Amino acid sequence: MADVIVIGAGAVGAACAYYAARAGLDVTVVDRGPVAGGTTGAGEGNVLVSDKEPGPELDLALLSNRLWRELAEVADFEYEPKGGLVVAETPEVLARLEELAGKQGVEHTRVTDLRDYEPHLAPGLAGGVHYPQDAQVQPMLAAARLLKAARERYGSLRLRTGVTVTGVLTSSGRVTGVRTTEGDILGGAVVNAAGTWGGEIARMAGVELPILPRRGFILVTEPLREPLVRHKVYTAAYVTNVASDSAGLETSAVVEGTPAGTVLIGASRERVGFDRTVSLPVLRRLAAQAVALFPALRDVRAIRAYCGFRPYCPDHLPVIGEDPRLPGLHHACGHEGAGIGLAPATGHLLAQVLSGERPDLDLTPFDPGRFS
Amino acid sequence: MSAYDLAVVGGGPAGVAGALTAAQAGLRVALLDAAPRLGGQYFRRLPETFHATREAALHHGLDRFLRQSRALRSLADVLLEHRVWAVERHGGLGDFVVHAVAGDREERPVTVRASALLIATGAHDRPLPFPGWDLPGVLTAGGAQALLKGNLVVAGRRVVVAGTGPFPLPVAAGLARAGARVVEVLEANGPLGLARHPALAASKLGEAAGYALALARHRVPYRARQAVVAAHGDGELTHVTVGRLDRDWRVVATRTVECDTLAVGYGFVPQVELAVQAGCAMGHDLDGSPVVSVDAAQRTSVAGVYAAGEPTGVGGAELAEVEGRIAGHAAAADLRSAVHLAAEPPGTAVHRPAEPPGTPAHWAAGPAGLAVPEPLLRRRARLRAFAQALHRAYPVRPGWRDWLTPATLVCRCEEVPYEAVREAMDLGATDARSVKLLARPGMGWCQGRMCGYAVACLAGELPQAPRRPIAQPITLGSLERMTDDPS
Amino acid sequence: MNDLAGARPEQPFDILVDGRAVPVLPGQTIGAALHAAGIRAWRTTRFGGRPRGLFCGIGVCFDCLVSVNGAPEQRACLLQARPGDEVRT
Ligand SMILES: Cc1cc2nc3c(=O)[nH]c(=O)nc-3n(C[C@H](O)[C@H](O)[C@H](O)COP(=O)(O)OP(=O)(O)OC[C@H]3O[C@@H](n4cnc5c(N)ncnc54)[C@H](O)[C@@H]3O)c2cc1C
Ligand SMILES: Cc1cc2nc3c(=O)[nH]c(=O)nc-3n(C[C@H](O)[C@H](O)[C@H](O)COP(=O)(O)OP(=O)(O)OC[C@H]3O[C@@H](n4cnc5c(N)ncnc54)[C@H](O)[C@@H]3O)c2cc1C
Ligand code: FES
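Protein chains in written order, with my numbering: chain U, 1 to 372; chain B, 1001 to 1487; chain E, 2001 to 2089.
If you're looking for bench data, these hints aren't it; they were derived computationally from the structure. Heads up, a few of these hints could be off.
Said to hold, decoys possible - Keeping only pairs whose Cα atoms sit at most 25 Å apart, straight-line, the calculated DMTMM-like set for lysine to aspartate or glutamate is: (1) Lys-148(U) to Asp-1431(B); (2) Lys-103(U) to Glu-73(U); (3) Lys-148(U) to Glu-1088(B); (4) Lys-148(U) to Glu-1415(B); (5) Lys-82(U) to Glu-107(U); (6) Lys-103(U) to Asp-245(U); (7) Lys-148(U) to Glu-1423(B); (8) Lys-148(U) to Glu-53(U); (9) Lys-148(U) to Glu-107(U); (10) Lys-148(U) to Asp-1426(B); (11) Lys-148(U) to Asp-1063(B).
Just so it is clear, the structure is predicted and the values come from calculations on it, not from any experiment.
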């Protein structure tokens, strides 16, 4: 019998498992697919503080930012502290960006000559704000290597891929394990780290979590010989889109280079269920916005596009903590477009809860009971 | 309303036959092909500037194909140097948009709208990795053939031809006739796998005998149960290690052969990404390749989308042509009955064959089945049986994995060695997709076209139908300027 | 070999490949001309610096990339050579 059963081997589940194992707990991770085969396999891997409004999510992001830096010493997942650059088209937008940065209280620099930071940016932009703490990881490797590191260092971790959870076992009002396609697995606590499918797991346990898929497309270019984009660069509109509740299509330019030489172009957001049909109008908009920001991209070829489904919660906050409605059931899901970035803090705080410690951050804003 | 009744992607034997048949039946047809000349792989033509008087020596049946191409040009719009990167189903039935980039240097986005779509995109070579397979001088068998047929360039002076199946034979014969010294031809499977098969069509035997004769005339030895298991050279190929194989292709003995060129091929991979984009149901062929499922009239599971030639299963040029003709007949009949039904008084529901998700048998006997001449159906049955017999006689055996060393590149583009693939599986990857996410094979320029088969085998699964929303590279500038309006 | 197909190619012209003249029969692709001239390795890979030339010959593998008249990453096996072409590897 395990102390903790983690459902989901994405970035969040891996981080939960890592910190729980580090805390001396005996952990079993189950995933119906491979490691990192869910939304983590579609994520860009940005670890951002720049796009968070002041409040609980920013606190979580700052903690996570520090933890990612620590974890990079533990395992190799292409951690790159490359910094983020938010650009403004007009002086008014720039003023608002600066105001936000001031309220965030995180390290930042006001940039007037954007070309010092990004020589290929289009002329005519008003300026921007540079956030040195923004970083990038390779999210799939991060999930996989964290699980491996936990196994090797703490020895109390079992990974079971290809195992689908079909039910949550309870006894006298407490969770006792999960039912799976490979038989029952018993455990003292269950962590729902099923990302966009976290609502399904909750329902199996008889509780509601309003997690919905919010689709996003990414365009990938051919590998470039010379890096064209150095930072994570995005327009101010991104911040508004992230925070929007609209189900309709929203796009904003998010452009960045990768160690492999490709340029990743996002970001689109729309709530259309789990529909994987490629939308060419979305791809066209992403291309147009990226070219407007970096005109040199006009002659660069796109070779790939893919989509993923962000785990969206109506209040844009993740669900982290024990479910007040069902003792023993813990949630770590619903991180929408920031689940990679927020994974370590989520795992760290949840491990504190699981081992009966007081979490470093107040978890009330993320409380699973807040929707009922 | 759509500008065309039928858009055909691919100008090989399947596409040309399909387009011509449909055009002759009165449909407005557009055919798009990436190449500068019609022909596809089999009928890859020399440029006109070569003024070849005996080009037919390079291809069986060229005259017939040329007649078809000429007829097609007078009846349909042939759009060459058009690389189709996406097909889109608009709204409901019978409204497809084909997105291409045109021009070989200055690319420009082009859009073609049609009521029906025929996917005849052929196949590409299926290589297997082995140490040194990325050394210059190692070519795919098809690549060597394309150099010869399309450019009159002989791939090398001292050439080894290796692989499995019937294709290495014409490649070797062509090279020998063109003046290369073909040192040997290596067949990884057993000898005579095929000769015993009853489905062996007499005509095919004749063709094979012709190659055998050509090889004998040039004293080219043909060795079964042998394969090139490593290629060597300092920057360019200078010699290969030839392995004698057991039944499973594990190496039992080796020797060294000097050569400057290796042409190697282990079958073909059907190019099916456009069918996947259109949402067509897919299946697997006997050789493990993902293929488009079609019914007796070459209809896919998506109403209005047809497939012919290699995308429905590798079977060669003759089968491709027959399938193309059947698809052309079916498209014409289906569109006619759709127009007919639509012309009925309001209130009459227009019924189309439903889109069943399952096997082709479900939707086999639609009305157009009857519109296809019986002899064509019989020929297709015979040629398919032959193709299946070839797949059975020349499978890829699992022992090739033993040819790999930890440092052997599995993915050429991203330079992913075998050990990285194994590490990914150790980390919890359980299929080709997750191996790709963790170790990057298939993420590069070719998008897994070269390594996809091998990676799937190494991950312990059949290759999955490739999801490639961008089937051909397209500049962001063209993507930005793409429209839905036909040009 | 022209005998094989009864070909009478037109007058060859030269293209410049990294400054060196390479003869082309009109209609040939850049990749075919390079290969015929005995230049079989031109590109080097991004990570390992491995030499590459033609592999698939039909535009699928992208091994044969060259820059032509300043346009980067062109598939040499597809691009028909034109007089005056300057190819960089
Ligand atoms: C296009 C795009 C770009 C993004 N970019 C970024 C970015 O730059 N930075 C960032 O921080 N975030 C980004 N995100 C968001 C991020 O990818 C997600 O928030 C994050 O991956 C969620 O991780 P997870 O571990 O919670 O979920 P997942 O990775 O989805 O993991 C959940 C796992 O649960 C498993 N599972 C589900 N149901 C069951 C069951 N019944 N039984 C067993 N297993 C089950 C699934 O198989 C899956 O592996 C992006 C998302 C998208 C779509
Ligand atoms: C390199 C190579 C050489 C071959 N040589 C021979 C040979 O010599 N003898 C032999 O018997 N068999 C040969 N084959 C086998 C060949 O598959 C069949 O003989 C035959 O050509 C199949 O006919 P098809 O019409 O199905 O496809 P093909 O002849 O392959 O025609 C498909 C056409 O579709 C076009 N196309 C594909 N995708 C797109 C796109 N996205 N946009 C626009 N156009 C597109 C291609 O340019 C091509 O012209 C070869 C195969 C390959 C890969
Ligand atoms: S040789 Fe493969 S793309 Fe040119």
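These are the hints, each one checked on the structure:
1. Lys-148(U) to Asp-1431(B): It holds: about 18 Å lies between the C-alpha atoms, which stays within 25 Å.
2. Lys-103(U) to Glu-73(U): violated (31 Å)
3. Lys-148(U) to Glu-1088(B): violated (42 Å)
4. Lys-148(U) to Glu-1415(B): holds (24 Å)
5. Lys-82(U) to Glu-107(U): holds (14 Å)
6. Lys-103(U) to Asp-245(U): With Cα atoms ~23 Å apart, Lys-103(U) and Asp-245(U) stay inside 25 Å; holds.
7. Lys-148(U) to Glu-1423(B): Roughly 11 Å separates the two Cα atoms, so the pair holds.
8. Lys-148(U) to Glu-53(U): violated (34 Å)
9. Lys-148(U) to Glu-107(U): violated (33 Å)
10. Lys-148(U) to Asp-1426(B): Judged against 25 Å, a Cα distance of about 9 Å means the pair holds.
11. Lys-148(U) to Asp-1063(B): Roughly 62 Å separates the two Cα atoms, so the pair is violated.
Violated hints, listed in ascending order, are 2, 3, 8, 9, 11; each of the other numbered hints is respected by the structure.
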